[in-house]
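J.: Each chain, written out:
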Amino acid sequence: MQMESRDVGAVRVVRLSGALDAMASGDVRKQLSDLVRDGSLRLVVDLSEVHRIDSTGLGALVTTLKGARDRGGELVLASLTPPVRTVVELTRLHRVFDIYDDAEAAAAELAK
Amino acid sequence: MTGATQTLTKRLDGSATLEDARRFATETSRVLGEWGLPEDRLASWEMAVAEMATNVARHGYPDEPGPMALLLSWGAEGLQIAVIDHGIAYDPADVPPPPDPDPEDPSTWPEGGMGIMLVRAAGDELTYERDGDRNRLTLFTRIPRPQNPVL
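Chains as they are written, first to last, in the numbering used here: chain A, 1 to 112; chain B, 1001 to 1151.
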């Protein structure tokens, strides 16, 4: 799993690539949590290059969202591929995450 | 004139590791695609295998990874996807589903326990059997294989 991040104003956009499964989710959880701990409190997670996510990957995203909210921040998801969207909806986490069609729109919304 | 439906089968053997869980998942999608199962359902079956096998890898063998196998079969009744191991007994029916998340209440947002929910959603029936020291978790989907024409 690859992770690239860039700043769009005060918003950090993190793009994940590969399978966000049990092999990858531990590292992803740690790196996202480190970003939050280090002060990146407005996070967009771009999932346009993630074609498989499992329950542990979802758990990593939920953990980071909770951490961000605890510090007064926000984490949103962008550019879900069809299989990822299916999993997010099956677990009803679309009720928890704000989801955007693309990372730029998400960053613009978080920057408000 | 038609003949009986031939059952297609494929078995993969490995060990209860996250690497083999990922391999089983990827192979499931490839094999079922080759068999001609609907393209739009491959991702959900791949997901189910990833969850079933990952669960064995994480919890099945407390000391070191033991054997784990994947059995795919598609016949007249439907599609069966089974993960077999010889680890500790584990019945997913004992696992309560996570609560429906309330957007206003972070304590209801699940960080785990979603795997079996995803497995159930991918098929019609989920069955657990313990036979001696063997566990077999089978996901059945009512999608009969068409009869083969006899030439």
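Calculated directly from the structure, the hints in this document are not laboratory data. All of these numbers come straight from a predicted model, not from anything done at the bench. A portion of the hints provided could be inaccurate.
Claimed, not checked - Derived list of chain A stretches under chain B, where covered just means 3 residues or more per stretch with a C-beta under 8 Å from a C-beta of chain B:
{"hint": "1", "stretch": "15-28"}
{"hint": "2", "stretch": "46-56"}
{"hint": "3", "stretch": "62-71"}
{"hint": "4", "stretch": "81-89"}
{"hint": "5", "stretch": "93-101"}
Each residue gets a CB set at the ideal place from its N, CA and C atoms; glycine is no exception.
J.: The structure should be examined with respect to each hint, and the outcome stated for every one.
T.: Hint by hint, here is what the structure shows:
1. 15-28: holds (count 4)
2. 46-56: The restraint on the stretch 46-56 of chain A holds, since 4 of its residues have a Cβ under 8 Å from chain B and three suffice.
3. 62-71: Holds, because 5 residues of the stretch 62-71 of chain A bring their Cβ atoms closer than 8 Å to Cβ atoms of chain B.
4. 81-89: holds (count 4)
5. 93-101: holds (count 3)
Figure legend: structure checked against the earlier numbered hints; every hint is met.
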